[in-house]
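**Student:** Listed below, chain by chain, are the residues.
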Amino acid sequence: EDQVTQSPEALRLQEGESSSLNCSYTVSGLRGLFWYRQDPGKGPEFLFTLYSAGEEKEKERLKATLTKKESFLHITAPKPEDSATYLCAVQASREKLTFGTGTRLTIIP
Amino acid sequence: NAGVMQNPRHLVRRRGQEARLRCSPMKGHSHVYWYRQLPEEGLKFMVYLQKENIIDESGMPKERFSAEFPKEGPSILRIQQVVRGDSAAYFCASSPGQGNTIYFGEGSWLTVV
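Those protein sequences? They're chains A and B, same order as listed. Under our numbering, the very last position in the first sequence is 109; numbers go up by exactly one each time. Under our numbering, the very last position in the second sequence is 222; numbers go up by exactly one each time.
Pulled out of the complex, with its shape left as it was, chain A reads as follows:
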């Protein structure tokens, strides 16, 4: 069974303080690893898809990387508007996504 573990569960950073979120996964035949952002009361907002180990993608202050066992979401010089829950999900042989429970990120001004 596919499994996704995200750490830490919650993270508080000062504005401008860079850090990384971790997503460890166990899956048979990874087809894609997805990162989403979710604000309270809203649906997940797509950020990145990574397909193979060594792949990296960037968007504004966010950078996602992928290895054979985990993915990292690096946040550089975050701003308060980056506060959200960040979700990681894997897609294996079937089309369904298996999600982790997320990292709740708070950026303090």
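Derived by calculation from the structure, the hints in this document are not laboratory data. Computed from a predicted model, the values in this text were never measured in an experiment. Watch out, some of these pointers could steer you wrong.
As the list claims (entries may be wrong) - Just a few of them, taken from the derived set where beta-carbon distance is under 8 Å, the chain B residues facing chain A: (1) Pro117; (2) Gly151; (3) Tyr157; (4) Asp165; (5) Glu166; (6) Met169; (7) Phe174; (8) Phe200; (9) Gln207; (10) Thr210; (11) Tyr212; (12) Phe213; (13) Gly214; (14) Glu215; (15) Gly216; (16) Val222.
All C-beta atoms, glycine included, are put in the ideal place defined by N, C-alpha and C.
Chain A is already provided as a structure; the job is to place chain B on it using the hints.
**Tutor:** Coordinates of chain B only, in the frame set by chain A:
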């Protein structure tokens, strides 16, 4: 472009009533997925549909839950005889095909009283 549209956004039902949640996928998307998010839990896959076909329902509870995606109109997630444990956020997602990015709607929040 309009995103994935879900309605109602909020729904209150008494125990034993039926809940119907509707989802219109993004334009050009023919694949629809339903996920459930219980309080303090992660998103859980329920069902994957294409037009007029259920492709994967491995996450659907065996009883009271059903889903359809007719040739015309939105996808419907139907919950019969709701119980308090059905209270959750139900998210619909869509994609243009297998292996493509999956986009989520804003969710339907079901409260059973």
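**Student:** Phe200 (chain B) was flagged as interface toward chain A. Is the shortest Cβ-Cβ separation under 8 Å?
**Tutor:** holds (6 Å)
**Student:** How about Phe174 (chain B): closest beta carbon in chain A under 8 Å, or not?
**Tutor:** Hint violated; Phe174 (chain B) Cβ to chain A Cβ min 16 Å, cut 8 Å.
**Student:** Should the hint that Val222 (chain B) touches chain A count as held when the rule is a Cβ pair under 8 Å?
**Tutor:** Where the cut-off is 8 Å and the nearest Cβ of chain A is about 20 Å from Val222 (chain B), the hint is violated.
**Student:** Is the interface hint satisfied for Tyr157 (chain B)? The criterion is a beta-carbon contact with chain A at less than 8 Å.
**Tutor:** holds (5 Å)
**Student:** Tell me if the interface restraint on Glu215 (chain B) is satisfied: Cβ within less than 8 Å of some Cβ in chain A.
**Tutor:** Because about 5 Å separates Glu215 (chain B) from the closest Cβ in chain A, which is inside the 8 Å limit, the hint holds.
**Student:** Closer than 8 Å between Cβ atoms is the bar; does Pro117 (chain B) clear it against chain A? Give me holds or violated.
**Tutor:** Result: violated, 14 Å to nearest chain A Cβ.
**Student:** The hint names Gly214 (chain B) as touching chain A; please verify it with the least Cβ-Cβ distance against 8 Å.
**Tutor:** holds (5 Å)
**Student:** Hint validation: Thr210 (chain B) versus chain A, beta carbon distance must be below 8 Å. Holds or violated?
**Tutor:** This interface hint holds because 6 Å falls under the 8 Å limit.
**Student:** Is the interface hint for Gly151 (chain B) satisfied, with its Cβ closer than 8 Å to some Cβ of chain A?
**Tutor:** Since the shortest Cβ distance to chain A is 4 Å, the answer is holds.
**Student:** Holds or violated: is the Cβ of Phe213 (chain B) closer than 8 Å to a Cβ in chain A?
**Tutor:** Given a least distance of 4 Å, the restraint on Phe213 (chain B) holds.
**Student:** Against chain A, with CB atoms and a cut of 8 Å, does the hint on Met169 (chain B) hold up?
**Tutor:** Hint violated; Met169 (chain B) Cβ to chain A Cβ min 11 Å, cut 8 Å.
**Student:** Return the status of the interface hint for Gly216 (chain B): holds when the least beta-carbon distance to chain A is below 8 Å, violated otherwise.
**Tutor:** holds (5 Å)
Going through the hint list in order, the structure does not satisfy hints 1, 5, 6, 7, 16.
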